[in-house]
Amino acid sequence: MNENWLEIGHLEDIPRQGARVVKTTAGEIAVFRTVDDEVFALRDKCPHKGGPLSQGIVHGKKVACPLHDWKINLDTGLAVAPDVGCAARYPVRVVDGQVSLSLTPEHTG
Amino acid sequence: MASMNTPRAARMKLVLVGNGMAGMRTLEELLKAAPDLYDITVFGDEPHPNYNRIMLSPVLAGEQTVEQIILNPRDWYAEMGITLHTGKKIVKIDRKRRTVEADDGTVAAYDRMLLATGSKPFVLPVPGADLPGVVGFRDIADVDAMVDASTNYKYAVVIGGGLLGLEAANGLKLRGMDVSVVHIGDWLLDRQLDEPAARLLQKSLEEKGLKFLLKKQTEELSPSPVGGRGVGVRAVAEGTPAPDLPPSPPAPLPPAGEGSKPRVQSIRFKDGSEIPADLVVMAVGIRPNTALAESAGLYCNRGLVVNDTMQTYDPRIYAVGECVSHRGIAYGLVAPLFEQAKVCANHLAEHGVAQYGGSMTSTKLKVTGIDLFSAGNFMGGKGLEEIVFQDVGRGSYKKLILKDNQLAGAVLYGDTLDGTWYFELMRDHTDVSDFRDKLLFGRNHLGDSGHGDEKGRIMAMPDSTEICGCNGVCKGDIVKAIHENKLFTLDEVRAHTKASGSCGSCTGLVETILAATVGGDYSVAPSKKPLCGCTEYSHDEIRSAIVDNKLKSLPETLRFMDWKTPDGCAKCRPALNYYLLCAWPTEYQDDAQSRYINERAHGNIQKDGSFSVVPRMWGGLTNPKELRAIADVAEKFNVPEMKVTGGQRIDLFGVKKEDLPAMWQDLSDAGFVSGHAYGKAMRTVKTCVGSKWCRFGTQDSTGLGVKLEQLTWGSWMPHKYKLAVSGCPRNCAEATIKDFGVVCVDSGYELHIGGNGGIKVRVTDLLSKVESEEQVLEFAGAFAQLYREEAHYLERTAPWVERVGLAHIKAKLVESEANRKLLAERFLISQQPAQVDPWKVRAEGGQKHEFTHLTVIPA
Ligand code: SRM
Ligand SMILES: Cc1cc2nc3c(=O)[nH]c(=O)nc-3n(C[C@H](O)[C@H](O)[C@H](O)COP(=O)(O)OP(=O)(O)OC[C@H]3O[C@@H](n4cnc5c(N)ncnc54)[C@H](O)[C@@H]3O)c2cc1C
Ligand code: SF4
Ligand code: FES
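Chains as they are written, first to last, in the numbering used here: chain A, 349 to 457; chain B, 9 to 867.
Treat the hints with caution; some may be incorrect.
Not the full set, but computed from the structure, chain B residues with beta-carbon under 7 Å of chain A [said to hold, decoys possible]:
(1) 573
(2) 576
(3) 617
The set of hints was computed from the structure by calculation and includes no laboratory data. Note that the Cβ used here is the ideal one computed from N, Cα and C, for glycine as well.
Take these sequences, add in the hints, and give me the full structure.
Quick look at the structure:
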């Protein structure tokens, strides 16, 4: 993989069981931190009606969209059944507490 | 899909004996909880995969087909990796070697076993009971035999006027047979109904063409002479012909191949009378099917005895369903069996927390066009009181039984829409003394907004009728989802369709559709409702555990209460956060990440992700300086829209999240605090003009409103909480649809509680009348605190008051002054940390990460 890693901040900048938003020219990206410090990045738009996922409640590896409560899997971007839809995933990594993001979305397969 | 985390070889072996409703439900629950713990083998002696036995009645009536009632098709077993043996009866359990053996010699080993062998129809020990043409009503084979008889013969006799018997009789009638129901009791359904209701039922069934022979005891079933029924009924009826003996039937041809066996031809009663019978259905009761368990030496006593974890006396063997005796009770309805299934699955999955405490059951009759409901003790008796409504002309009858001011039983005939409600009142032990006079008329659904449909007509409506106005779900969508996904409960329907998942006002409609589609008693509330899927515990159990065990943080609570998920879900975390906050107001460290975004960002999130800002206006009062400040803020931050709210304040819409702190700073400088228009919190105090200006005003309603708002602002509540003060009974502030409303009168203040103007309009109940403002404030604090301490999260005061009963609230607030004072004091203590303006805190830099981007690219 030849991701172009961009440093976006420190793990501690993101609240545990929460998210922060990275603003890019191509739209907003939500960077989530789970209860056990895993980090995921999704396009900050719910596949339902575009709700800002970054504002939802993070539980397990899921986020509940704040608008109509769809649950989105953080690791795949897929909505939890019976809802159907997908939010684009972005590669993200944490090295020594430093969080980096790539702006090339991954493909869910 | 079965996941492959545990290698197959390492898995334990689970054998299920009995491929029926309870056993399979347990497996489904188990696969959800622990998909790869076991290698599962299922034995069923019927040749079919698991089907919905309840729906045999509609199948017999020709309203459904066998295909439609299959719950788990064979593909499902394959997909789940389950080995399925149909048409094989287990005849031996070897508990030492831990194997089971089927009648065809198949042997399977187990580490754990689940017995769910159901029950057997009880067969009357009378001569002729073993003749061809005598059947029970239990399985598909029985239905096949009945359908077959209906095409070849004329006379059907059903022995037993219980639920099963009547459903069989109805089905056979619809299939064109001449049907008589024989019943030993004085009236039909004597275990479900009292006499007046049973008479109404009998009348409607007679109108459908059924005949009834009550108080009759069967003595003998007589066969036709070998070679068929050539001689007809006269030959047997020679002895003592009953006066109302029907004319002898045309002798139908016996079906090919059966010609040589004698078949049942008539039935004789103890009183000597006799009627023709080409088909006899025995529906006199069921017996737990424990033969296999007994042969294996498992302790049985009118059922296979299990403990509260559904374990038999052999710790490797669990049991669920009709074969089981739990605390001396064997249940014969699906709802309790499914509760058992849930508990059993929890233990098979080795979660080890769930307990089954028994169930309360209710019954309905599945005969199209007849509405009947009964639950609890409906016969009355010593120490019990009855409320009865009877309208024979309309075919409507209702009887409610009360004991110690609680509902102990109900019988409804004709109009059964409120059955679920009565059942809930029984389950919740609601003190009904204050609405006894209204109890019979049911929970009034007419106040629901968003749909004006009468529930009863819902099934006649076209599929395109919109049921859920919030999510745009139509009746057809719901019915389809129930069929396709084999849904049984309201929660499942919600998960699959979203119907009734938002504002909830269509819950009753969805339940009606569910009950009609799936049959049986599914609209009935479970005996205990867990807070959410992460736990087996109910709201009340969790609340008291937090207090009793001094649980003071979320992680501690999840650990202590054996939460099934590592960090809860979007449903339980906000609830727990509130419960902890309420229990430990001065110690608990609020968990922002367990709050819904509105409460985290202190504004209402809008559909475009922006927020709204509603500054507090004490009692709805304002002045030019405040209005100017709001106008300045609106201009400075380019607020696209402003509006006067229904709560007498000004709303600024479309504010960008990152602008919120700066905007709040300006508002704070002008003296405003947050209006909490976004929170499960105290919202507004609506006031009218009052004695200061109004020619009718009796007291200073505006002034009192301001004081009430100063007392209560900032308080977190189980749900939103609104107050109002009206200056006279003209009630311009609409105080009688508020959570706490004050209506001023010349001699003092009327205090009203539990009103709601939202989805379901509910008018308040009068709590008390007091003479001074000080007393109003004390009651206001005490009532708020009682609600905070006792209601379930997301339960507004209106449903809370209905659940616990006004009498309970009066006992705590009016009858005990000491208790009221204690509550009011606890409210004041919790208000000290709560009355810190959250906007000011954030304007000064608090929770900064909430309002800023992590980074901006390109920076
Ligand atoms: C702004 C306002 C409408 C208006 O412009 O007048 C309003 C707006 C909303 N109401 Fe309301 N309600 C507003 C007064 C009311 C009233 C009237 C009143 O308070 O006197 C009622 C009926 C009275 C009552 O509550 O008993 C009302 C009954 C509801 C309900 C139904 C509650 C219920 O128990 O049935 C909801 C849904 C809920 O809370 O779950 C709701 C929910 C909402 C939400 C928060 C929906 C949401 O979750 O996003 C709306 C937020 C809009 C926004 O983006 O800001 N709103 N809402 C009113 C704010 C009053 C204020 O100053 O704070
Ligand atoms: C016509 C009818 C209408 C009903 N209507 C309602 C209703 O409206 N509401 C309601 O709540 N309930 C209703 N019931 C009751 C409901 O169907 C039962 O409570 C439920 O099916 C019991 O589930 P179970 O798993 O315990 O037993 P079953 O569903 O009977 O399953 C037991 C299975 O085990 C098999 N079996 C037994 N012994 C062996 C063995 N040794 N080896 C292999 N297999 C074996 C049996 O053949 C059977 O398939 C109705 C029942 C009938 C018959
Ligand atoms: S403001 Fe209230 S009534 Fe209006 S759309 Fe929103 S929730 Fe519905
Ligand atoms: S926009 Fe996310 S659930 Fe509707």
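Verification of the hints:
Of the supplied interface hints, the one on residue 573(B) holds, with its beta-carbon coming within about 6 Å of a beta-carbon of chain A, less than 7 Å. Using the Cβ-Cβ criterion of 7 Å, the hint placing residue 576(B) at the interface with chain A is satisfied: the shortest such distance is roughly 6 Å. Evaluation of the residue 617(B) hint against chain A yields a held restraint, the C-beta minimum of about 4 Å falling below 7 Å.
Every hint from the earlier list agrees with this structure, and none is contradicted.
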